[in-house]
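Mind docking chain B on chain A? Use the hints.
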Amino acid sequence: MVVDARGVSCPQPVLMTKNALAKEANIEVLVDNNTAMNNITRFATSQGAKVEVKEEGEDYRIVISK
Amino acid sequence: MKNQKALIIGAGAIIGLIAVGLVYFGNPANMGFCIACFIRDTAGAVKLHSAPVVQYMRPEIIGLVLGAALMALGKKELVARAGSNPLVRFVLGFFVMIGALMFLGCPLRMVLRIAGGDLNAVVGLVGFIVGIVAGIIALNKGFSLDRSYKVSKAEGFVFPAIQIAFLVLLVAVPSVLAFSVTGPGSMKAPVAIALVAGLVVGAIAQRTRFCMVAGIRDSIMFKDFGMLIGFVTLIIVAAVANMAFGFFHVGFEGQPVAHMDGLWNFLGLALVGFGSVLAGGCPLRQLILSGEGNIDSVMTVVGMFVGAAFCHNFGLASSAAGPTPNGQIAVIIGFIVVGLIAIVNIAANKKK
Numbered sequence: 000m001v002v003d004a005r006g007v008s009c010p011q012p013v014l015m016t017k018n019a020l021a022k023e024a025n026i027e028v029l030v031d032n033n034t035a036m037n038n039i040t041r042f043a044t045s046q047g048a049k050v051e052v053k054e055e056g057e058d059y060r061i062v063i064s065k
Numbered sequence: 000m001k002n003q004k005a006l007i008i009g010a011g012a013i014i015g016l017i018a019v020g021l022v023y024f025g026n027p028a029n030m031g032f033c034i035a036c037f038i039r040d041t042a043g044a045v046k047l048h049s050a051p052v053v054q055y056m057r058p059e060i061i062g063l064v065l066g067a068a069l070m071a072l073g074k075k076e077l078v079a080r081a082g083s084n085p086l087v088r089f090v091l092g093f094f095v096m097i098g099a100l101m102f103l104g105c106p107l108r109m110v111l112r113i114a115g116g117d118l119n120a121v122v123g124l125v126g127f128i129v130g131i132v133a134g135i136i137a138l139n140k141g142f143s144l145d146r147s148y149k150v151s152k153a154e155g156f157v158f159p160a161i162q163i164a165f166l167v168l169l170v171a172v173p174s175v176l177a178f179s180v181t182g183p184g185s186m187k188a189p190v191a192i193a194l195v196a197g198l199v200v201g202a203i204a205q206r207t208r209f210c211m212v213a214g215i216r217d218s219i220m221f222k223d224f225g226m227l228i229g230f231v232t233l234i235i236v237a238a239v240a241n242m243a244f245g246f247f248h249v250g251f252e253g254q255p256v257a258h259m260d261g262l263w264n265f266l267g268l269a270l271v272g273f274g275s276v277l278a279g280g281c282p283l284r285q286l287i288l289s290g291e292g293n294i295d296s297v298m299t300v301v302g303m304f305v306g307a308a309f310c311h312n313f314g315l316a317s318s319a320a321g322p323t324p325n326g327q328i329a330v331i332i333g334f335i336v337v338g339l340i341a342i343v344n345i346a347a348n349k350k351k
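As given, the protein sequences belong to chains A and B, one line each in that order.
Numbering-wise (numbering that gives the first Met the number 0), the first sequence opens with residue 0 and increments by one.
Numbering-wise (numbering that gives the first Met the number 0), the second sequence opens with residue 0 and increments by one.
This is chain A alone, in the form it adopts within the complex (with noise of 0.2 Å):
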């Protein structure tokens, strides 16, 4: 599943990982910036999921495998 968060404000990124981390164990968050991609990898490493990020142009992809 890939859930696009880019351009929703805070604390939405997070939330949207952690409910779409709910419903599958394998997930990609798409992010345009530097905040909630820290957010994110903070929030999946929390969790005991592992985690890429990967820069793509502007945005961030973070690659979340629990």
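Derived by calculation from the structure, the hints in this document are not laboratory data.
Among the hints, a few may not be true.
Claimed, not checked - Subject to a maximum C-alpha distance of 30 Å in a straight line, what follows is the list of computed DSSO-like cross-link-like pairs (lysine-lysine):
no., chain 1, residue 1, chain 2, residue 2
1, B, Lys152, A, Lys65
2, B, Lys349, A, Lys17
3, A, Lys49, B, Lys75
4, B, Lys349, A, Lys22
5, A, Lys49, B, Lys350
6, A, Lys17, B, Lys4
7, B, Lys74, B, Lys222
Unchecked claim - Quick look at which bits of chain A chain B covers, simulated, 3 or more residues with Cβ under 8 Å:
no., segment
8, 29-38
9, 47-56
Just so it is clear, the structure is predicted and the values come from calculations on it, not from any experiment.
We put the CB at the ideal spot given by N, CA and C, even for glycine.
Using the frame of chain A, we list chain B on its own:
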């Protein structure tokens, strides 16, 4: 992650010290920083309201925005974005200001008041938490403002440029501005000190995303206590500094720029908490985001600015004597309006 924690603790400590330092240099007691009060003072300085005791172009506000803008520029994070329900954000900012001036302080001043021993602010904190919980319930039920889009880069420089214009007015042509001669608006640290304090705290807050609302919200929503630790550090450091300067007095009575009406201190900050969660951050955070090119946050700040003017033009703001009937009505209207914003948004998102 450990690094992040150290950063937040350091930020809380520095902001706490600078805030008490500003009081030492002349700001009103427990008001080293207050985003609500200072926006209100600035609104008075440009005569959007004419309450004689709260008119001063606060250099701290100018510094906070420019500090955030410079830091964001350096980190290539100054990106102009807009289009996320600007008018809803304006209204949220408006009522956040109504709530803050009922209590007499934004969440940042709330913690500074607690650090000065003002127990009325502890009552306010309880209300603030309740308001945040209301906001969290809305978020969990599907509240979500529209996404923003990148807009032309120049747009991001407009708000910082306005602050530079304000600074020029303050330094070069103060005669066009209104200045309080008595009351909180007349109590101020020297311009250069206040400006530098704002710049430093603005830069730190940009870097750490320091936010009074996020501290409590994320602790409850995500069990993420990272920001809350910064909050607690700020209170401890500011309290110790207050004791060192003899500014620390525990109690409800005789607290500076505060009143003792517990119910309305509670309700005022509950409205601030509720509105701020929906807007995505406390007044300080909105100001910092404004410096980073977030035009939606600029709209929230402009809403606070207009809200402050309404507060004093229509007798909504409290004073040391307590809340006013008009202010009480306005806070109740605020709960209804913010509640409606939440309900309508949740219903609309369900249809999508």
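Checked hints:
Distance check on the hinted pair: B:Lys152 and A:Lys65 sit about 38 Å apart at the alpha-carbon level, beyond 30 Å; violated. Distance hint between B:Lys349 and A:Lys17 is fulfilled; the C-alpha atoms sit about 18 Å from each other, no more than 30 Å. For the hint pairing A:Lys49 with B:Lys75, the CA-to-CA distance comes to about 27 Å; that is within 30 Å, so the pair holds. The suggested pairing of B:Lys349 with A:Lys22 holds, with an alpha-carbon distance near 18 Å, which does not exceed 30 Å.
Between A:Lys49 and B:Lys350 the alpha-carbon distance is near 34 Å, which puts this suggested pair outside the 30 Å criterion. Restraint check for A:Lys17 and B:Lys4: the C-alpha separation of about 22 Å stays at or below 30 Å, so the hint holds. With a C-alpha separation of about 29 Å, the suggested pairing of B:Lys74 with B:Lys222 holds against the 30 Å cut-off. Figure legend: the segment 29-38 of chain A, annotated as covered by chain B; annotation consistent (5 residues with Cβ-Cβ distances under 8 Å, at least 3 required).
Counting residues of the segment 47-56 of chain A whose beta-carbon sits less than 8 Å from any beta-carbon of chain B gives 0, not enough to reach three: the coverage restraint is violated.
Going through the hint list in order, the structure does not satisfy hints 1, 5 and 9.
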